[in-house]
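**Q** This is what each chain is made of:
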Amino acid sequence: MTATLTDVSKSYGSTVALHPTSLTLTGGVIGLLGPNGAGKTTLLRLLATAMAPSTGSISVAGHLVTGGHESRTEARRHLGYLPQEVTYPSGMTAFGFLDYLAVLKEWQQAATRHAEVRRVLALVDLGDRASAKVRSLSGGQRRRLAIAQALIGAPQLLILDEPTTGLDPEQRASLRGILSGLPGTVLLSTHQTEDVSALCDRVLVLDAGCIRFDGTVPGLLASARGRVHISTAPSDDALHTWKTGSGLVRSVGGTPAPDAVSVDASVEDAYLLLRHRPEGVPS
Amino acid sequence: MSTVATRPAGALAALARTEIRGYARSPLFLLGAAGLAAMAVVDWMSTDDGSSSTMSAIAPAALLGVVGMFVMSILTVRSDRAAAVAGAVATDERTRTGALAIAIVVPATAALLWYAQAVALLFVRPPADWAVPYGPMDTTQVLFVMAALGVASAIGGPVLGLLAARWIPGRGVIAVGAVLVIAITIVLQGNFSSTWGWKAAWPWTYWYGPMGWRSEGDEVHWVVTPGTPIAWLGYLLALCALGVLVALYHDRTARGARLRGWIVGLLVLAAVLLALTLTLGPSAAVINPAVAPA
Chain B
1 MTATLTDVSK SYGSTVALHP TSLTLTGGVI GLLGPNGAGK TTLLRLLATA MAPSTGSISV
61 AGHLVTGGHE SRTEARRHLG YLPQEVTYPS GMTAFGFLDY LAVLKEWQQA ATRHAEVRRV
121 LALVDLGDRA SAKVRSLSGG QRRRLAIAQA LIGAPQLLIL DEPTTGLDPE QRASLRGILS
181 GLPGTVLLST HQTEDVSALC DRVLVLDAGC IRFDGTVPGL LASARGRVHI STAPSDDALH
241 TWKTGSGLVR SVGGTPAPDA VSVDASVEDA YLLLRHRPEG VPS
Chain Z
1 MSTVATRPAG ALAALARTEI RGYARSPLFL LGAAGLAAMA VVDWMSTDDG SSSTMSAIAP
61 AALLGVVGMF VMSILTVRSD RAAAVAGAVA TDERTRTGAL AIAIVVPATA ALLWYAQAVA
121 LLFVRPPADW AVPYGPMDTT QVLFVMAALG VASAIGGPVL GLLAARWIPG RGVIAVGAVL
181 VIAITIVLQG NFSSTWGWKA AWPWTYWYGP MGWRSEGDEV HWVVTPGTPI AWLGYLLALC
241 ALGVLVALYH DRTARGARLR GWIVGLLVLA AVLLALTLTL GPSAAVINPA VAPA
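Read top to bottom, the protein sequences are chains B and Z.
Residue numbering for the first sequence follows the working numbering, starting at 1 and increasing by one per position.
Residue numbering for the second sequence follows the working numbering, starting at 1 and increasing by one per position.
Note that these hints are calculated values from the structure, not bench results.
This list has only true hints and no planted wrong ones.
Pairwise CB distance ranges, derived in the manner of DEER restraints:
id : chain 1 : residue 1 : chain 2 : residue 2 : range
1  : Z       : ALA13     : B       : ALA130    : 23 to 29 Å
2  : Z       : ARG81     : B       : SER131    : 19 to 25 Å
3  : B       : SER22     : Z       : ARG260    : 37 to 43 Å
4  : B       : GLY91     : Z       : VAL173    : 18 to 24 Å
5  : B       : ASP128    : Z       : ILE182    : 43 to 49 Å
6  : Z       : GLY172    : B       : GLY68     : 36 to 42 Å
7  : Z       : VAL268    : B       : LEU182    : 50 to 56 Å
8  : Z       : VAL268    : B       : THR2      : 48 to 54 Å
9  : Z       : ARG260    : B       : MET51     : 24 to 30 Å
10 : B       : THR2      : Z       : ARG81     : 27 to 33 Å
11 : B       : MET51     : Z       : ALA37     : 46 to 52 Å
Nothing here was measured: the structure is a model prediction, and the numbers come from that model.
Quick reminder that beta carbons are idealized off the backbone N, C-alpha and C, glycines included.
Using the sequences and the hints, build the whole thing.
**A** The following block contains the structure:
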């Protein structure tokens, strides 16, 4: 399954949320990193057909999202989307909510629809909470319920906007297991860089509405090689420094202190360094 | 790979079944329907005051119609929120609106059941001479009035709820709308002579009854108001259909020439039926000379 953005931009009045961007997404788990306000949610909403771009064209599985109503509807049949913020309808059970959404996703036969609802409930470990009212679920359970709705029908393109918010480490690990086993394309926006390093085949870094990095996790790590140090004193002009549990200071970027030892960079280090690289410097 | 492969018509049918179940299981609807059933039982069991079932249409209007405004509003908000959780689903707003409109079959069925028993009661225990049928208001016209007041109101309430939820969503809108409907109904029921002119321009509520503004001294006489309820029922049903189409029109993708044509056509039909309502039938109120109980 391929999703393509061609010169896509989005503006809200005079504010440019996404500068003209071209991307092709072809299988695997793709991590989308970026600070708050970088345009991540805008990019995901555009791809999910939840909003129209100001310029450019988007296609999902060969169907032009920016084309007519029929083409956009056809594209929607191939994707699942988890928005960043979710307001649940009142008075519904977990099963009832997912069943209703499955109907909206055109699952007509009650028996197969119910089986699919039970499948996704089990996937997110909510099988035993099926008959519980949504309002009685914990924050993490509600988040998993929202993830479950995106998984209905095993969509070829799964778009997840900060899915791990509110999940405990065990639940996050479980979600990684689910996502890594999906056959299609998963685009995952997150602030959890460890999720990216653990899961993603490809990383996109978005900043101020522009793609600043598009490559593999090893490629992103390579961009930070030799720029993270540990020493007794912080590096000069370091972007970020903090005292570790061992009492030594970890410095990201800057000129290392004389006794500094270079250490392996994490995805987070690479991301922080990338954020402060002047525009135009190749990755 | 997605296992979903369906046609829009099938999607509408599946969603309509879901909305019908949602409406039928709504606590508000169940409460209203139970109240209506209880009132029907009381009508059959009580000592008759002579009016038979001719004045009981207020019950479905209130318990199915006004309550239906709230039920439909709740269902519409539920549908919108669920669709928002998924971000964008293949089932578009017009299909969801259409399915919600189809769910009005639930209060309509309940209203028709009420109507059936009300008609049966009318024939089993005919009204007294001081009531209706009288003069130009024959039995057929009484049946039309009862259908318009009871069945059409039970349909019109949910349509209003759908319309409001689509075009003016917000907390309290339905409550304010319900208060307005009740207030206007009270004012336009013909109890006040000063509303006579309004009634000529906007026939809405009662077509017969012990209207205070025609009573003389302590004697109460039933009055039959001008116009024809036969065209009026058509006018109300045309408004209901128009309301559904205007609700559908909220979805920008639905705004084609065909839908616009239907809306204009129904507007014209409603205007014609309103004109017929006002111009056909008796041109002045007819007073039953028999004295009704005070």
